[in-house]
Structures are given as C-alpha cells and as structure tokens.
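Chains as they are written, first to last, in the working numbering: chain A, 1 to 253; chain B, 254 to 511; chain C, 512 to 779.
Read the hints as simulated data drawn from the structure, not as lab findings.
Owing to the predicted nature of the structure, the values given are computational and were not obtained by experimental measurement.
Glycine included, each C-beta is placed from N, C-alpha and C at the ideal position.
Heads up, a few of these hints could be off.
[As the list claims (entries may be wrong)] Derived CB-CB ranges, DEER-like:
1. A/Phe112 x B/Lys385: 29 to 39 Å
2. A/Ser217 x B/Thr261: 52 to 62 Å
3. B/Glu372 x A/Ile136: 36 to 46 Å
[Stated by the list, open to error] Computed from the model, here is a short list of chain A residues facing chain B with C-beta under 10 Å:
4. Tyr6
5. Lys13
6. Leu27
7. Ile83
8. Pro89
9. Phe232
10. Leu236
11. Ala240
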Amino acid sequence: MKKIFYLAVKDMKIRLKYKFVWINMALTPFFIIGPYVFSSRIVEVNSLAESVMIGALLWYWLNQYFFGVGDGFTEEREEGALISVILSPVSLLAFLLSKSVDTFLMNLYITFFTLIFFNLSGVKLEIHLLFFLLLIISGVYITFFSIFFAALSLWKKKIGSINSTTQFFFGILSGMVNPVEHFPHYIRFISYAIPLTYLISIGRNIMKNENGSNFISQLLILTALSFAYLIFGIWLLRKAENEIRRKGEWETW
Amino acid sequence: MRRVVEVTNIKKSFGKLRVLDKVDFYVKEGDFKVIIGENGSGKSTLLKIMVGLLLPDEGEVNVLGIDVKKQWKKLSAKIGVVLANERSLYWKLTAWENLDIFGGIYGVPKKERRKRMKELLERFGLFEYKDKPVEDFSTGMRKKLMVCKALIHNPKILFVDEILNGLDPSSTREMVEYLSELNEKGLTVVMISHVLHILPESADVALLRNGQIQMEVKYKDIRSKRREIYEVFEKLIKVGEVDEKDILFSREGYEDKA
Amino acid sequence: MVSSLHLAKAGFLSAKKYKIDWYGAFFTPLLTILPVVLLYYLGTKSGLVQFFYGATNTKNIFGYLLLGAAYWNYVEVLWGSVFTLKYYMRIGQLEEIFIMPISALGYIFSWSVLGLVRVTIESVPIIILAILLNVTTFTLIRFILAVGVVIFSIIASFGFVFLFFGVTLSFKEGDELVSLLGNAAPLIGGMFFPVSVLPKGLEYFAYVFPFTWGLDLSRHFLMNTNTLLDVKKELIVLMALSFLYLGLGVLSFKALQTKARREGMQGF
Chain A
1 MKKIFYLAVK DMKIRLKYKF VWINMALTPF FIIGPYVFSS RIVEVNSLAE SVMIGALLWY
61 WLNQYFFGVG DGFTEEREEG ALISVILSPV SLLAFLLSKS VDTFLMNLYI TFFTLIFFNL
121 SGVKLEIHLL FFLLLIISGV YITFFSIFFA ALSLWKKKIG SINSTTQFFF GILSGMVNPV
181 EHFPHYIRFI SYAIPLTYLI SIGRNIMKNE NGSNFISQLL ILTALSFAYL IFGIWLLRKA
241 ENEIRRKGEW ETW
Chain B
254 MRRVVEVTNI KKSFGKLRVL DKVDFYVKEG DFKVIIGENG SGKSTLLKIM VGLLLPDEGE
314 VNVLGIDVKK QWKKLSAKIG VVLANERSLY WKLTAWENLD IFGGIYGVPK KERRKRMKEL
374 LERFGLFEYK DKPVEDFSTG MRKKLMVCKA LIHNPKILFV DEILNGLDPS STREMVEYLS
434 ELNEKGLTVV MISHVLHILP ESADVALLRN GQIQMEVKYK DIRSKRREIY EVFEKLIKVG
494 EVDEKDILFS REGYEDKA
Chain C
512 MVSSLHLAKA GFLSAKKYKI DWYGAFFTPL LTILPVVLLY YLGTKSGLVQ FFYGATNTKN
572 IFGYLLLGAA YWNYVEVLWG SVFTLKYYMR IGQLEEIFIM PISALGYIFS WSVLGLVRVT
632 IESVPIIILA ILLNVTTFTL IRFILAVGVV IFSIIASFGF VFLFFGVTLS FKEGDELVSL
692 LGNAAPLIGG MFFPVSVLPK GLEYFAYVFP FTWGLDLSRH FLMNTNTLLD VKKELIVLMA
752 LSFLYLGLGV LSFKALQTKA RREGMQGF
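One chain only, chain A, in its complex shape (with noise of 0.2 Å):
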C-alpha cells in the first residue's frame, strides 16, 4: 500500500512540474464532451443535455483511466523510468493501482471544472451524495477495466496504439449520447459486456432522483463484470510480465 502511495506521490509532483497541464485538464473536458452536449440542448430539451452530459462525463472518466492505467506503462517506458519501477520490489499491478489513485485524483479535479464552465454555459447538473459515490464506484470499476486493457496492450503492444479509438467504440456503445435500448439488440450484447454502460445507466437513474432498487440489479451486474475483468487482466497481466522476461523487452516500445 505505501509503495502505491509513493508511486502516485511521484506522478502528482512531475505533473507539478508542468503548469499549463492544469489549465489543460480543467478546460479540455468541457470542450471534448461540450459537442454532444450542446447538440443535445438544440433541440432545447434541458433533460437531453443533461443527460447526454451525465453520459459524456462519465466516459470522460473512462477516457482518463484508459489513458492513465490502462496506458500507464507507455509514458514511463518511453522515458525510460519504468526499468527503474520493474527493478523495484513493485508488482505491475501494484504500479497501475498507483495510476488508479492519481487518474481518480485527476478525475475529481477535471469534473470539478467541467461542471462549473457547463453551469455557467447553462446545463446545470443537481448534485448530490449520490452523484460522488457513483464516481468513486467507477473509479473502482472503470480501474479493474483498465487494468485488463493495460494488460492487453503491455502483452500485445500494438493494442496500445488503437487506446483513443477504443475509447470512442465504448463512448457511444454504452450509450453516451443514447440509451442502449435504442440500439439493435446484438450491438445491445456488446453494450452489455462494457461496465461503463452500467455506469451511465445508474448515474442517469440517480438525476431522474428514482427509487434505489431501480439500479440495484444494475449494480450488481457491474459488480460482478468489472472484478471478472480484474481477474482475467491480472491473469494476463503475469503472462505479459513472463513474456516480457523472456524477451528482454522492458525497455523496448
């Protein structure tokens, strides 16, 4: 636990480091999720937006988490550091966990932001105890889902390179901007395999103030799906850390 503490105290003060990258963070959000939102409210149905907006911000979450767990080894490795990490008595899963903590970091400052320049665009999000606890249970959940996607691409390195695509694919097949029920039923399968679509269901559930036992179910199945993605990425993550070892490639991208 303490080497996780000190790995996420690592990624907090290089980013120190960097100015502009706060402005960045606090701003990009409302830019990236602002067109469909935006489009949503043209046709000037308030709950559209701001369910389009509940959508967008929580694959916004998975998009930081992609980025930040589940391309967590490429920055590092690219700079070199990461042989450091490896040589260190800190397992790879160990040193995602830290990414999980500062991308969760990261995630509270950016929605922060984002609600703020949304609020003062006019698409207002009710807040409340609820609206938090549904992001800390993606964070825990979108993490077990990066860490299968980290170690998909630290076994398959290319796979890393199609991270952004991914994430469109999982942005509109959860349902960002529509609900999944309008979908055919087969892309609906698909849908149903991703957490962030359960995700999303629950957080438009929690806006609309419905009856817990509503998203219940929907918890479960989440709960259930994002530890069945732990399990197999942890799994697949040793078959990558032997990979690499018999290939020498640690410092190799």
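Since chain A is already given, all that's left is putting chains B and C on it; use the hints.
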C-alpha cells in the same frame, strides 16, 4: 565465504542468436566481480538474468538463496541495480525527490531514508544540487545519482552495468574508489565494465566470450612490464587469452575454463 | 527539402512497424462525429432537422458533419508534428534531430507529410459523399473556391504550428497547448453546429479563430449553407487572419527558438 550468486548452466537465445551457452558463474559474499567481454558478448544479458529482468531459456539462477526465475520481486528488495541507461531516473524530479520516492518504494523508513539520502548525496558531491531536476544534471551527475538510488535501501549486492562510461577521469576514479570502499565494508559488487585500467585491486575479472565464462582471474594479476594494461585487456577480450609474460603473478587458485 | 523527405521517410518506416495506428488515425475523426450523428438520428430527429434548416440552409446534417470532420483533419494534421517534437524530447533524441541540416519548416513538413497523405486518402470518400449528398449545389468553380479556402486555412494552421514549436522548445509544454486548442477547435470552430449556437463567451472567441471562417466558407461553397457574413467580406477576414497568424507564429517561433538555444534544449 558463501556463494551469494549462483548461475548454473544458463542458456539464452534471442531468435536464432544464441547469446549465452551453458554459462556457469558464481559470486561469493564480499566479492568485487567484474564481467568483461566484447560488445554483444552477452554481459548485460547475463546481468539482467541475475537480477530477474530476463528469464533464461534453460538453467538455474539463485541469488541470496532466492530462485530468481520465480521470486524476482522478493529478491529486488535485497539488491541494488544500476543499469546503463541514464533515463532510468525520473528526469522531471529533483535528485532529492528521486531518492525520496525510490527510498519509499523500497520500504526505507522516512527518518532513516532522509539520513541516508543526505549521506549518499554528500558522498558524491551532489548535496548542493539536491533541488535541481535531473534533466539539468550532467551525465556524470546522473550516473552518481543512479548509484545513490541503487544504494538507498542498503542492498546486500550491487549489480552495475557500465557505470564508468562517460565519466571524466576524476569522476571515474571517485566512482571506483567509492564502490571499492563499499566492497571493503562488505557489499558484494557485480559490475560490467569496459573501463579496465582503474579497477580495484581486489576485483576478480570474468571474461565472457562465445557465450561462456571463459576465464576468471584476479585483476591485480593482470599486469605487464612491456605493454599498457589496456593492450593486455584488448588481447584478452578479443582472443580469450594473454601471454604468460603479461601476467606478473601466479594464477594459481583461479579457474581457467578456456 | 530533400533532407526533410529523408526525415519523412524515417517517420514512414517507423509508422510501418505500427500498422494498427493507421486504423486508429483513420477512425478517430469519424468516431468523433458519430455520437452526434447518433444523437440526431436516434433521438429527437425532427426538431433538429428543422433547426438545422433554419440556421444553415441545409437538412443534410450528416454531410454537414462529414465536411466539418474532413476540414479539421486538414487543419489539425500539421499540429501533430508538435507531438512528434515532444516525443523526441521525451526519448532524448531532440538534440540529435536538431543538429540536422533541416529548417523548422522542414521538420513540420517531414513530420506531417505522412498525416497529409493519410488525411487526403481518408477525406476523399468523405468529400465525395458530402458532394453527392448536395449534388444540386455542386459546381467546379465552387469546388475550386472551397479548395482555396482550405489552402488559406492551412496557411493559418502553419502560423499556429510555428508558435506551438517555439513554445515546446522553450517551455516544454507546447504539446499541452496543441492538445487544448485541438480539443477546443471543433467546438469553437463550428464543426458540429453553427457557432451562433455556442454560449456567447465562446461565440466571440470563435470569431478570432481563422478556422471558424474557413469552415464556414468551405461548407458554403460545397453545400450552399448560410454564411456568418457576406461571402466576399468573409473571404477577406479569412485571408487577413491567416496571414496575421502566420506572421505572428513565425515571429514568436524565432524568438522562442533563440531563447531555447540560449537556455539549452535538454529535458522534456
């Protein structure tokens, strides 16, 4: 003295290229072992196998009684490793921050860590630069910091890959003296080096050639009245042997596997 | 120029090792607009079509978005060279690269030539599709005018990329600036809907952005959409802004490069 590193019958290939072919190698507690060999002879491969970064195709690796193939992470807390790549530090962080983070990762308690960081940085003349980011350091300063990082948790064995390359004469001497001093205090050192004119007198030299350890000899025994020491090593590395006239002292007690 | 081509060849050979990147690069612009397309078509379709027709003079939302995506591809492709610059800084090869006999323009060219080829291949079907969807308004003259508008937009884009290069060399954070502007540009520049729909603060910002005018004009020539100003006036605004940004970009690059050479280029 007990053997702290035992490499037995190691084979390693990359594709069709056989790099190590039935390597047997051991290091005793307190040794200062220097592995020499031509470029591409497999020295770094052997070092990476000893620290667990690389898995051999065949053979056994045991360091400090730990099976490195299976429990390399358990071993990592007991050894220090300095690789050739200067980029293995966090360049955006200061020297102090780097040591603090790595000390934390290696589980060194805060109070002890701070004390050790100060000692190490002072020993290498880096203390006054402790708040400068590593990206502003010179090559020599970075190499010294890499050694500090590897020693932050007080390891039992230090593995060093080509640390002397790129250092100026006085930094080279300082580095060798420091490693020698640590070795005298009980630290086992395994080092790869192409800089051979200034090794500690107590060092043992192992020649890696044609995928095998072909010869082990005491460094102090390799002296010549008629040639520069560099020429002696050049012939040793290239041909795998030296003229008897170039060895002043008896080689009795050392293995010659050629 | 020849040296730049060799550097571009190095980029091409490296890119060949990562073929999967190409699929990603091909899909990303299309995937960016897909959620909006889905939103319109699966959601409240009729209200939006009416709105679009009133604001833009076209009901062809799909063609409107496709042209927006193709335009941004061209404008942004040059900006990608800054990420290449930053990449070389990160892996410690910047100084090696910078002692080559290549000018800043040469680096921008060699690092974006691959992207330009890719964007052209990728955009041809998009443009053909957009034209087919507006076949009644298409003429060769209008097409040539649209190409001219894109060329002026690329001139403005060069201005931006020079500034980004300078900032990256001097302050190391140029890539963050590119990323922020690259992410903001589609929204502010009207890729998804007319800028008049934007919240007021953003709308004013959109008008000092040359690409807002470039995109508005290229859509007008290819789809006969409404323009923000009279077409002639808008062409003058685009040209003036393009040369202004190019001039400012080159000047700032020169100043920042000198600063970087004085302070050292190591680090990232």
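**Report entry** Which numbered hints fail
**Finding:** 6, 9, 10 and 11
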